[in-house]
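The chain contents come next:
Protein chains: 2
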Amino acid sequence: METEQIEESPWLALTESSERGDSARITELLESLSCADTGRAFANLKPEPRRKVLSLVSCGLAARVLETLPEAQAADLIDCLDAADAAAIMNELPSNEQADLLALLAEDHAEAILARMEPEEARIARRLAAYPADLAGGLMIEEYLRYPAHARVGDVIEDLRTNHERYRHYDVQYGYVVARDGRLVGVLPMRDLLLADTQAPIRSLMIEKPLNISVDLPLDELRDVFEQNPFVGLPVVAQRDSLVGVVRRVDIQEALEDRSKSDHLKSQGIVGGEELRTMPVLSRSGRRLSWLTINIVLNIVAASVIALYQETLEAVIALAVFLPIVSDMSGCSGNQAVAVSMRELTLGLIRPVDALRVWGKEISVGLINGLVLGLLIGAAAWLWKGDVRLGVVVGTALAINTVVAVSLGGMVPLALKRLRVDPALASGPVLTTVTDMCGFALLLSIATAILPAAGS
Amino acid sequence: METEQIEESPWLALTESSERGDSARITELLESLSCADTGRAFANLKPEPRRKVLSLVSCGLAARVLETLPEAQAADLIDCLDAADAAAIMNELPSNEQADLLALLAEDHAEAILARMEPEEARIARRLAAYPADLAGGLMIEEYLRYPAHARVGDVIEDLRTNHERYRHYDVQYGYVVARDGRLVGVLPMRDLLLADTQAPIRSLMIEKPLNISVDLPLDELRDVFEQNPFVGLPVVAQRDSLVGVVRRVDIQEALEDRSKSDHLKSQGIVGGEELRTMPVLSRSGRRLSWLTINIVLNIVAASVIALYQETLEAVIALAVFLPIVSDMSGCSGNQAVAVSMRELTLGLIRPVDALRVWGKEISVGLINGLVLGLLIGAAAWLWKGDVRLGVVVGTALAINTVVAVSLGGMVPLALKRLRVDPALASGPVLTTVTDMCGFALLLSIATAILPAAGS
Chain A
5 METEQIEESP WLALTESSER GDSARITELL ESLSCADTGR AFANLKPEPR RKVLSLVSCG
65 LAARVLETLP EAQAADLIDC LDAADAAAIM NELPSNEQAD LLALLAEDHA EAILARMEPE
125 EARIARRLAA YPADLAGGLM IEEYLRYPAH ARVGDVIEDL RTNHERYRHY DVQYGYVVAR
185 DGRLVGVLPM RDLLLADTQA PIRSLMIEKP LNISVDLPLD ELRDVFEQNP FVGLPVVAQR
245 DSLVGVVRRV DIQEALEDRS KSDHLKSQGI VGGEELRTMP VLSRSGRRLS WLTINIVLNI
305 VAASVIALYQ ETLEAVIALA VFLPIVSDMS GCSGNQAVAV SMRELTLGLI RPVDALRVWG
365 KEISVGLING LVLGLLIGAA AWLWKGDVRL GVVVGTALAI NTVVAVSLGG MVPLALKRLR
425 VDPALASGPV LTTVTDMCGF ALLLSIATAI LPAAGS
Chain B
5 METEQIEESP WLALTESSER GDSARITELL ESLSCADTGR AFANLKPEPR RKVLSLVSCG
65 LAARVLETLP EAQAADLIDC LDAADAAAIM NELPSNEQAD LLALLAEDHA EAILARMEPE
125 EARIARRLAA YPADLAGGLM IEEYLRYPAH ARVGDVIEDL RTNHERYRHY DVQYGYVVAR
185 DGRLVGVLPM RDLLLADTQA PIRSLMIEKP LNISVDLPLD ELRDVFEQNP FVGLPVVAQR
245 DSLVGVVRRV DIQEALEDRS KSDHLKSQGI VGGEELRTMP VLSRSGRRLS WLTINIVLNI
305 VAASVIALYQ ETLEAVIALA VFLPIVSDMS GCSGNQAVAV SMRELTLGLI RPVDALRVWG
365 KEISVGLING LVLGLLIGAA AWLWKGDVRL GVVVGTALAI NTVVAVSLGG MVPLALKRLR
425 VDPALASGPV LTTVTDMCGF ALLLSIATAI LPAAGS
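Taken in sequence, the protein lines are chains A and B.
This note's numbering applies: residue 5 is where the first sequence begins, and numbers increase by one.
This note's numbering applies: residue 5 is where the second sequence begins, and numbers increase by one.
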């Protein structure tokens, strides 16, 4: 009976156990849940039991739970704890996770937590958090094998033996060799230690002048470096070639996934970072409104074009049916072109200077699709009212506006990028405003010219 | 002068060299370009020089070029080669890349290439291509360290020495130990070899009953396994625990990124896989149209609601201005909720059974945002026509429709998922059709009831 209930709704079991203060049961429950189930359970928990569940388990388990959750949700959980509890859990997290979470918290809360963390942990977290998350410095880790240039093979093997536990989850394909002043001087393929004499200096085995990455190299260039080189990790250097960390291929992949996810959310009007339904209603609603209110103003501007043709509309009221269709279909056609451009921008296949080439390529697609969509809507209008001229008006307007929307849609992200406006956020609203205005003007002015009732 | 020109437009230099048949120059050019520049250069090349460039360089270089390009673009390039040239290049690619590319080609072309590849390479590629790309079998690699259970430490070290070159880019943290019948019996932490006697059997060092993954484990569960365990790779087993490959954390990350990218493209109406502007116009246009034609039919259905209220529109022609605004704003509000649900679905935070909970959470956001947007548009209508009743009609319609759109938007992806329809593809069209119909009906029926000119 009990196990069945747990499988059905672990959050209920967690709520009950937290009310009873039964930390053993909570520990057992959390350890038995998969990541996804843990996430769902915390999403269902009310704020008070959520806080209580975390404070009733060991810091190590709480940290493991936080690591499995989406970052925004983990930051939410940290947010509901007091600074001392939060700091104790943060101490148990790897350095790059600490930095990522701290970046998502309000500044004063983050400071309060840092002040209560172990000084060394806090120092590293501060250092990593100082770099923007899309530069090598913000993506690197501090957990890597580092040896002085004067060490011998035997010293390294001794170090591996001594720190066996600490290195358990390090990447141990390469060790990084530094001079006395911290300069990176070489990379040591650890497998070569197997074949070497323990008395040999590691200098003799290391690869000199290794490929390295500057601490301020941006994500796009990091992706290129990793695509062109097969390494699982690369050393990161700051001023005067001093070794400050290692970026791993897997972290670059994760950052790229985060970016495409965030671009997707922005293009759908979710701004200011990820939204989860565990967040308070007012903050969710406010963030969505910030984008919606700009959009409603743009919508009013676009629709005001219709008001200029009131007489035409009065004469041929059937046109009103086609206004939303022209608006929506042009938006769809244009957004397809936006999506392709956004993707090609991300892949580095196009740059703002390629705007004209993109425009040319999209015009051919726009012409074909405009023709097909224009014929479809024209036929529908003709069949509905039995008036071939209405069909011609509606079909021509949609056909021309599709060409405009598609060719413009391909260029808008490039133009916004050049203007240093985030294309993921602004492409949609900019495009639909222009295509709406253009579509309404086309439909109503062609109607004024061609339809006898409207022209009179 | 010459280098300047190359930096400006490498594709021009490639075109010229390919016309001269200057393979040395092409090799030099391709080796000097960054990934992004290579991608841009091939995007600019016309089909004929594109084919020629690839056939003029060594298969190894051609393979390296293909590896740096986006998969859809690489498949395009393979497509323009004849089967023998393509097979020679494919032989040089790692097994999982071969399988991925073959999956993107037309079946008969893929078969023609496989028939001309080296038999062993073709066998492995076929085997990997047989698994769907979102299961462990489709994500695993065949390049890993594999040792028989009866081997000794010295044998392994000897193997590492002999195959030094081949193993250069293998992950060498763990070796996988198999019984005579191919069963996975253990995992060998390679670093432990450093500390062991060369005569010791590897059985004595290996971790027995290691964590392993079934060949048909889906991507979502793989993500969970890797989130809960810190390993860089895990062994994949088929029937009777036989070891068939290794999935690496980095490949899971890449697959997750591919999926969010593809969901994003689908939500914007790019269907049937990635679209690049190097593809032929007709196929790009056709794929976009397949989605647009469904959309235009849905649009006509939705707008037909307007036709039912022709008299009301004739009486208060100003309402025509607000039809596209209500349609567009409801679509925006609803799509925000769709985006949040899609994200929470991907993260496993919600499931179809949570539809009611999601509905409840979205209703509160919908009420607040509906109130604000309704007031804004109502005020605009009032100011424009000086008629407070017009403001009330328009504002009330948008307010109610926002609640409908937001609460529905949160649920639509869950409902589609339960119906086994791809929510990334269908959520937008389904949502906007319903909210358009509802919005038009609300606006025009409230107007019929309240506005004296319309009611008469």
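Since the hints were derived computationally from the structure, they do not count as laboratory data.
Check each hint, because a few of them may be wrong.
Note: identical chains are not told apart, hence a pair may lie in one copy or across any two.
[Claimed, not checked] Dumping the calculated EDC-like pairs for lysine to aspartate or glutamate here, alpha-carbon to alpha-carbon at most 20 Å: (1) Lys421 with Asp41; (2) Lys389 with Glu318; (3) Lys389 with Glu125; (4) Lys389 with Glu212; (5) Lys50 with Asp175.
Only a predicted model underlies this, so the values are computations on that prediction, with no experimental measurement involved.
Verification of the supplied hints:
In this assembly of identical chains, Lys421 and Asp41 lie within 20 Å of each other by CA distance solely across copies; the values are 18 Å between and 40 Å within a copy. Within a single copy, Lys389 and Glu318 get their C-alpha atoms as close as 16 Å, and across copies as close as 16 Å, so both meet the 20 Å cut-off. Taking identical chains as interchangeable, the C-alpha atoms of Lys389 and Glu125 are never at most 20 Å apart, the minima being 74 Å within one chain and 64 Å between chains. Taking identical chains as interchangeable, the C-alpha atoms of Lys389 and Glu212 are never at most 20 Å apart, the minima being 80 Å within one chain and 77 Å between chains.
In this assembly of identical chains, Lys50 and Asp175 lie within 20 Å of each other by CA distance neither inside one copy nor across copies; the values are 39 Å within and 44 Å between.
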